[in-house]
Amino acid sequence: MASGSPALTSAVQYAAAHDALIVAAATPDPMRSSPGREPEPPRDYWPASAPGVLSVIDMDSRGARPDNAPAPLGADLAAPGDGVVGVGPRGRGHFIGSGASFAAAYAAGTAALVRSAHPELSAAATARRLTRTAYPADVPHLDPYAAVTSVQDPAEHTRAERDDSVVLPPGNGSEGATRRAVWITVAGGSLALLVAWAALIVPRGRSRGWRPAARRRVAGAGTGTPGD
Numbered sequence: 001m002a003s004g005s006p007a008l009t010s011a012v013q014y015a016a017a018h019d020a021l022i023v024a025a026a027t028p029d030p031m032r033s034s035p036g037r038e039p040e041p042p043r044d045y046w047p048a049s050a051p052g053v054l055s056v057i058d059m060d061s062r063g064a065r066p067d068n069a070p071a072p073l074g075a076d077l078a079a080p081g082d083g084v085v086g087v088g089p090r091g092r093g094h095f096i097g098s099g100a101s102f103a104a105a106y107a108a109g110t111a112a113l114v115r116s117a118h119p120e121l122s123a124a125a126t127a128r129r130l131t132r133t134a135y136p137a138d139v140p141h142l143d144p145y146a147a148v149t150s151v152q153d154p155a156e157h158t159r160a161e162r163d164d165s166v167v168l169p170p171g172n173g174s175e176g177a178t179r180r181a182v183w184i185t186v187a188g189g190s191l192a193l194l195v196a197w198a199a200l201i202v203p204r205g206r207s208r209g210w211r212p213a214a215r216r217r218v219a220g221a222g223t224g225t226p227g228d
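Numbering (the working numbering), first residue to last: 1 to 228.
Worth flagging that the hints you see were computed from the coordinates, not collected in a lab.
Just to be clear, a hint being listed does not mean it is correct.
Beta-carbon label-pair distances, calculated as ranges [stated by the list, open to error]:
#1 Ala71 <-> Gly91: 26 to 36 Å
#2 Asp44 <-> Ala20: 20 to 30 Å
#3 Ser116 <-> Pro136: 23 to 33 Å
#4 Gly93 <-> Pro136: 29 to 39 Å
#5 Glu120 <-> Pro89: 14 to 24 Å
#6 Thr9 <-> Ala112: 22 to 32 Å
A virtual CB, placed ideally from N, CA and C, is assigned to each residue, including glycine.
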């Protein structure tokens with residue numbers, strides 16, 4: 001839709017205010033193009049362009065969009081939307097379709113999995129998680145597995161403002177991994193030294209019955225006292 005009606009706009013605002021993540025197709029599904037018809041220039045579509053809405057465009061197996069697909073001015077995610085098999089609107093069996101509406105369904109399903117696995121996340125934090133775990137591209141490509149399983153910044157869900165940019169955590173965790181590797185190396189070396197010391201000392205101790213070694217008298221220098 002080019003714009004929303006007052007009733008639908010109010011519904012979107014109400015859902016966003018109650019921590020519901022709204023996922024919408026960034027564009028209409030592509031229509032059969034007429035010969036000689038000029039493609040429409042990029043534009044915003046509603047409700048994908050509304051505040052607090054996660055907008056999704058479709059892509060094929062190569063990460064590209066159909067030539068006749070409408071173009072938005074911007075989108076948060078790209079998800080599979082070409083040759084998608086789904087349940088038909090009526091009757092039995094399945095049908096194959098393409099378009100951003102199918103891609104939005106993929107993203108909405110992934111968001112439901114994320115919120116089920118991480119119920120502490122707010123709607124805005126869930127949207128950030130989807131975009132930050134996506135494959136980096138002009139429009140990030142949705143990665144459902146990473147969205148559900150990746151370890152994120154513990155403070156992420158406490159941030160109030162939404163940030164759709166794809167930004168990896170500082171150092172991507174490498175500093176912590178380096179410190180752990182150093183401590184493991186030090187601990188391993190200390191253990192090896194302890195084992196070597198035990199292998200040398202224990203047999204000697206057993207042979208003496210764990211008695212102190214006999215002390216020898218040493219001739220005093222310059223005293224003229226002979227040694228033993």
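Problem set entry | Ala20 and Asp44 - C-beta distance against the hinted 20 to 30 Å | Distance hint for Asp44, Ala20 holds at roughly 21 Å.
For this session: Return holds or violated for the Cβ distance of Ser116 and Pro136 against the range 23 to 33 Å.
Result: About 26 Å separates the Cβ atoms of Ser116 and Pro136, which means 23 to 33 Å holds.
Exercise. Using the C-beta atoms of Thr9 and Ala112, is the stated range 22 to 32 Å upheld?
Worked result: With a Cβ separation near 24 Å, Thr9 and Ala112 satisfy 22 to 32 Å, so the hint holds.
Exercise. Taking 14 to 24 Å as the hint, is the beta-carbon distance of Glu120 and Pro89 inside that range?
Worked result: With a Cβ separation near 36 Å, Glu120 and Pro89 fall outside 14 to 24 Å, so the hint is violated.
Problem set entry | Pro136 and Gly93 - C-beta distance against the hinted 29 to 39 Å | 38 Å, holds
Problem set entry | Hint check for Gly91 and Ala71 - Cβ pair distance inside 26 to 36 Å | 33 Å, holds
In this structure, the one hint that does not hold is number 5.
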